[in-house]
Each structure stands twice: as C-alpha cells, then as structure tokens.
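Chemist: Residue-level listing of the chains:
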Amino acid sequence: DGGITQSPKYLFRKEGQNVTLSCEQNLNHDAMYWYRQDPGQGLRLIYYSQIVNDFQKGDIAEGYSVSREKKESFPLTVTSAQKNPTAFYLCASSIVRQPQHFGDGTRLSIL
Amino acid sequence: QKEVEQDPGPLSVPEGAIVSLNCTYSNSAFQYFMWYRQYSRKGPELLMYTYSSGNKEDGRFTAQVDKSSKYISLFIRDSQPSDSATYLCAIEAGSYQLTFGKGTKLSVIP
Chain C
1 DGGITQSPKY LFRKEGQNVT LSCEQNLNHD AMYWYRQDPG QGLRLIYYSQ
51 IVNDFQKGDI AEGYSVSREK KESFPLTVTS AQKNPTAFYL CASSIVRQPQ
101 HFGDGTRLSI L
Chain S
112 QKEVEQDPGP LSVPEGAIVS LNCTYSNSAF QYFMWYRQYS RKGPELLMYT
162 YSSGNKEDGR FTAQVDKSSK YISLFIRDSQ PSDSATYLCA IEAGSYQLTF
212 GKGTKLSVIP
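Chains C and S, in that order, are what the protein sequence lines are.
My numbering numbers the first residue of the first sequence as 1 and each following residue consecutively.
My numbering numbers the first residue of the second sequence as 112 and each following residue consecutively.
If you are wondering where the hints come from, they were derived from the structure by calculation, not from laboratory data.
In this text the structure is predicted, and so the values were computed from the model without any measurement.
Incorrect hints may have been included.
Derived CB-CB ranges, DEER-like [claimed, not checked]:
#1 C/ASN26 x S/PRO125: 36 to 44 Å
#2 C/GLU62 x S/THR161: 30 to 38 Å
#3 S/PRO125 x C/GLN56: 41 to 49 Å
#4 S/SER151 x C/SER22: 17 to 25 Å
#5 S/GLU116 x C/ILE110: 43 to 51 Å
#6 S/SER123 x C/ARG44: 44 to 52 Å
#7 C/PRO8 x S/SER180: 24 to 32 Å
#8 C/THR5 x S/LEU122: 26 to 34 Å
#9 S/TYR182 x C/GLN50: 26 to 34 Å
#10 S/ASP118 x C/VAL52: 33 to 41 Å
We put the CB at the ideal spot given by N, CA and C, even for glycine.
Work out the full structure, taking the sequences as your base and the hints as a guide.
Modeler: Take a look at the structure:
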C-alpha cells in the first residue's frame, strides 16, 4: 500500500529538549513538505524539499530543522528554540504539478 | 489582505442537503485549485483538483472555479453524516507551495 507514514502519532517534549518527527513515503515522490496546524488555523509551511540533499525554508521555519538524505524520508526536528511547539504536524509529498498527499500527522505537546 | 479567505463556519446542515463551501483569493497568479477533506485527528485527503475556470464533477462533489472573480466553491449534493469534517481549500501559484484557507467545519445531522 503506497502512502505517507508519520510517527509517532503523539509526542511529548520537555522544556529545553529537541524532538524529531519521522516522515516516510513510498510513493516515489520527489518533493516533501512539513506543515504546522493550530486550532482554527490553516496549514502553515515549515520546510519543503524538492530533491534529495536540498531543502528550503517555508513561512515559519524558525525553531525547526530538517534533513533530506534519502528520497523516502524527511524528518523534522523541533528544537528548544521553538517556544510554542504544541501543534499538529503534517508531512506531505508530491510530484511536479500534482497535488500534495498527506500523512496522518503527529500531535506534539509540552510536558 | 490574506491571500486565501475561507468562510470559517461552522456549518450545520440536515442529511440530504446541498452544501456550498467557498474561498476567495487575491493573487491572480494562482493556477491550481484543490479541496481537501480532513477528519478529526487525521491528515487532509484530496477531494478535488482543477486548474481551469468552470465546473468539475466527481460523484456527489462539484468544484467550481471563477478566475475572473477569484472565487472557488465546493458543492456537496445529498450530504451524508460521513461528510462531517473540516474542508480546506488550497491554491498553488505554479510553484511547489500551497496556500491554504483556514478550513470550514461541516456537520451533517442525521
């Protein structure tokens, strides 16, 4: 079954801690994306990557970091510099000129 | 002015009603128009995708784009309780990036 797998579904972060959210896709898509969704808000783009070993900042990249070492994987690290990390994080992938497909998200909360 | 405005709702309709969901946008460079459905605690799933003015139909769903008015709509016929979800419009300006509306929460009451 082709799709996008995000893990874990729920994650808790302590103050001062970095946490990493996993995103894996087996759709053979070149582009991958990370979004943040807050209640009553639309999706806001954190980072995106069009090809392996390359990525660009989105609208709200501060306090986050990514890597793209493999086509299938695009992990997101929420660093301690992100002061308001509680949100629903969504990963997506696409090929050129085609709509993005989403995983089922990771909900991050602060302990 | 925000780039994409979406009626926030919430919207509550009886089963069998016709539902109209709408977004307006400001950037005339926007080329591709999408509607996603998002159930609670799930990721958005693509419902409709179009890049031209006019109507596109898929079963009970019709997407309508009016580029001259910068207005897009999603119509749901014979609405069902399973249609209860948040509906997000998304628009692409020819790059990889999408601009999303804030979403309209729909409840279909049996």
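Chemist: Of the numbered hints stated previously, which ones are contradicted by the structure, given in increasing order?
Modeler: 5, 6 and 7
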